[in-house]
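Visitor: The task is to assemble the complex, starting from two chains supplied on their own in separate frames and drawing on the hints.
Heads up: the protein sequence lines correspond to chains A and B, in order. Here the first sequence stands for residues 343 to 634, where the numbers follow my numbering. Here the second sequence stands for residues 200 to 619, where the numbers follow my numbering.
Rather than coming from a laboratory, the hints here were simulated on the basis of the structure. Computed from a prediction, not measured in an experiment: that's the story for all the values here. From the three backbone atoms N, C-alpha and C, an ideal C-beta is built for every residue, glycine too.
Footprint (simulated), chain A over chain B, 3 or more residues, beta carbon under 8 Å:
id : segment
1  : 274-286
2  : 293-304
3  : 441-453
4  : 586-599
Beyond 12 Å from chain A on every Cβ pair, some chain B residues (computed):
id : residue
5  : Gly238
6  : Gly258
7  : Glu264
8  : Gly405
9  : Trp467
10 : Asp474
11 : Asp479
12 : Asp493
13 : Val513
14 : Thr514
15 : Lys518
16 : Leu549
17 : Val560
18 : Ala570
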Amino acid sequence: MKNKTLKRFEGYAYIGIWLFGFFALQLAPLVTSFWYSFTDFEMIGGADFIGIRNYADIFKDPDFLLSLKVTFEYVLIAVPGKIIFALIIALILSQKLRAINIFRTLYYIPSILGGSVAISVLWRYLFMEGGVINNLLSVIGIQGPNWLGDPKYALGTISLVTIWQFGSSMLLFLAGIKQIPVTYYEAAEIDGASKLRRFFSITLPELSPIVLFNVVMQMINAFQEFTPAYVITNGGPLKSTYLYGLMLYETGFEFFHMGYASALSWILFAIIIAFTLVIFKFSELHVHYGDE
Amino acid sequence: MKKALAIMITVLMVCSMVFAGGSKEADPEDLTLRMLWWGGDTRHTPTLAALDKYTERTGISVEGEYAGWDGYYQRIVTQLAGGTAPDLIQIDQPWFNELCSRGEVFAEIDTSIVDTSTFDKAFLDGYCTYEGKLMALPTGVNVNTLVIDKNMLADAGIDPEIQWTWENLISEGKKIHEKDPSKYLLAATPDHVRFWFEVLMAQIAGGVVGPDKELLFTADQAEQAFNYIQSLYDNGIIPPYSQTSLFYQRLNEDPNWINGQYAACWSWVSSMDKDIGQRDMETTQFPVMENAVDTGVLMRPSQLYVVASNSASVTESLKLLEYMVNDEEAAAILGTARGIPSSSKALKVLEDANVLSELTVTATNEGIAQAGKPQSTWQMNSEVIDTMQQVIDEFGYGRTTAREAAESMVTSLESTLSRL
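Pulled out of the complex, with its shape left as it was, chain B reads as follows (with noise of 0.2 Å):
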């Protein structure tokens, strides 16, 4: 029986020095750093770059650990509960508040460490800032675009440096689908009307959720952006939602997406490439209305960059956060891998290297002049997105019409918010 114990305890020691991991602060000399991040192979090989180059200079090896979007959130979710993750990290902006609320995950940002100078106040205020303290550094700077397919305008008779409002959406826009049936002048997969729907609350009402969890519209003032919507649907503006929902988030795999009969979409500067694919586009600016409250057009960091509190070394973490966002060297393997640059000495060395593409600089621009408001951390919540899209959904199957529309709204997200 003594043997038994015995046996079971060495094994349960032998199992807990298996799971714990690696020890706190590490020697710098056989360091290794891990950096996390997502995107395509545009991003992945300037990135490996960057970081062989910093080994060649600190003698520090950073791991680079990439993957694609799909499951990226799942995956840092589980490894910070589960203590590794990796030591920098490249999350989404809507993730940050409900990531930080969670506990303290992330280390504060050293500003002995990290010159945050070159960055924008404003910008770290408003996107980097939990509870008073600075916990992220933006990659760089990220709008929201109108992508469009002149060719397919000119081809309809519409002029393709038109300045869209709300009512030559419509007027001029049907020609599109009047000319041909089959094509239409905006994609709308379910997300994208979700998007159109936040645009036209932001203008009408200044949003749909506020930071203090309150509704910031009413049912009347949803109305009226669902008969706006209804009448999109009824001019051929945009494709039925039969035609579309099975693309929900995935508008570049739709093949009247991707073989031109869509001929506009809504897009951030930041996955437009995505978006246009093989296409020959460019980019306008969104529809604002008289008196409108907000613009609707969202302008945030591309990413964020954080540091996890439990890091083998959060001050080698730094740096390398450092190195990431400020060295000149560093800014020029990267180019705008992430947008572009939202420090201004990275952005420095791009201009003068001239390599800025010119539709990713004009459309910020555009954007930048359209920004208007950010969203409350409440509107990007992840459950009030779904409950926004299930009301729009029934909606756009023509379940309910435009006022019944808008009074779900108000209920399903009042009942929503309450359980959060």
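Isolated chain A, as found in the complex (with noise of 0.2 Å):
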């Protein structure tokens, strides 16, 4: 009996350590956070409740419409880049090619080095105004433009950022090309189908998953993205860059609205969740899996 007892509690003895850091760290500040969004809590001080005042403010507030604009544009454009890019350099690199673990490390390596702020601040001597890009563009004779002082490009070259990073969703698509059976190229081969088409036709209805689950993931980062645009432009020129997460950021920790940031936060919680319901309903007709 007591074995028994026993037997039952083990389980969730070996996941303690795990359960403990998601209640205390994970879903204690999920459920406060969602309390704070109906108070009007400043850090220091109580917290008020005041319904859904919170809520309605915002839906007014002419920062929120504009950080949400530029943080739809930073998804459209860094996410389909980041995944092209990585497709791209993941076909490449699954060629038969001497030394090709070597450069498969490589080009992980942005992806090690990331979103942190040495790289951002690298970032910025390199596209500031006769900055190294600069001086290398004016080499071959282009004039550059203002990469990051110009409101017209500066949200194009933060995505740059990220697009460099494109080294875990390069690993995923290289381990689904392998995966792919020699055989069906091999029979493509015989048909008399063009490089072209056999990609068309092979590799990405076979890679579709896997597709699939990168831009989920990717469109989950971005819509979260912070550190670029806080360290290179600090959402400058003319908030050109001021992304849903800086709007947060500045609203949490540097105004101390804690209670509108955390309704800010699970409105953004509530777009995404959106966006990845609507994903995966359209994947339903574009994604392939070799059981069915």
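Guide: Here it is, written out as structure tokens:
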């Protein structure tokens, strides 16, 4: 009998540490922030319940609409950019070439350095007016634009940081490509299919579950992007890189309107959920699984 | 079921014990105080040495917690909110009212423990008092200064000892850009353009926002300031906005500044070392127009010391504060780590020891001689600053004319102030 009780708790003991972490560090803040989003909490001092006023105010806030617009633009540039780039590199690296492992490692390095502050600072010096990139361009006679100082180009330049970190998506594609049976390609070759035809009729459909996974994950990350916009341009010039994450940070940690910031983050959460659901719905038509 | 309940209660109790933290008044014998400040090595090293000396003398150990400027404000607000704030904290003066208004986060300074007679009374009343209670002490005196590279002036044929006026700032200053189109008289990152706007508004109208949350200027007066700033751009006195916008609040990282493309910049005495870096620079006074309402030159405490109200021992923390501001030995160790000391006792020690750097003393005296009225706490509010900056950004990028910017400054500030 006693042994049986012990057995029942044994499993919980194994995941106990994780459970503690989940409850204390994830669920508790999550629930608290939901509560705060209905209060006027400002860090120090109490939090008074104010109903849905935060949410009502947010939809009248011009900064909210602006940052939402900037964030959508960013997602639309960065996510497809990163995935297409990762796929192209994965296709190249899946070839049987000499020392291919060294190249695979090299291409993964940007993802390790990632969205760190140091890289963002480096990016600033690369793309500033009179920076390295423009100096290089001037050597071949091109007058480069003011990448980060001109509101027209700043968001695109920031997106490059994200696209440049294509490593993890690339690895997934690489693994996926390896999974595709060689016989498909052999059959296609006998039938006289061109390389392009083979890519669109075999590789891409076979990779579609991985494309789906990458799109969803990268989209979720892109909606929450913060570091490059904060460190490189601080939202400028003229708020052209004022991402949603930046607005959230400013509201919460510079002006300390924590209640308002909590509401902002729940709206972002809803947006991300909605887009994820749409993508999954859409995927039913376009994603092919091997066992179907 | 009962068993499950018992387990849950036990877990909750353990958790509450873990998170509740220390008790209120600890035994002085094994008391450890914590002190938090921001700065660089020139501040960290003497402060840690002074704290060691204090431990040696009293047996009370003090843990120094120190960091850079980035994220410092976020850190103390989080710690104050969570009840984990250190006992003695260095804060920036503009935060004082904002933090005090959020509840009893700081302890009142007990003048029977800390000798406040060594401080200038107006300074304490103006900057360290909240609702009639003395809640902070100034670490040192800080004033605005104009840091200037006199060699660059001489190279362009400008008299290095020139007394700047708003007129000759343009008529003389443009010689630099005329001689070398990549060079400018004044550094002007977006935040610096805002500082100059505030200086101009102080001289034209007495300030931007008054103590009762009221605007001190009219759109016509703001237009006058924007027209002047426009002429700074038109005459090549300051570099174009698109060139400097990337270095918002980071002039000292701008290669153009470091490499001597700009001859001068607005600064605080307490942070001018950071701006000057490796360059050979001196300081000078600000231009002031005839009939100026105020000079716009700011003087305030370099930083403030406050004691957290939930300190393990408020009494012991106040004793430590007394040591940091008034003790002769501490003053000798600390030197000018926090600017020229405000306490007359500490100042005398440094004067006798002849350790005050000439540049700091000159700049401070120049600033004090020109100092105007302090800005209202509303003008220093982070959201008001953000609003001003947005209007100035639009203007700097040429999206608005001087008139439009002036009108937008009035309406945007009114809207922000009504929300606060």
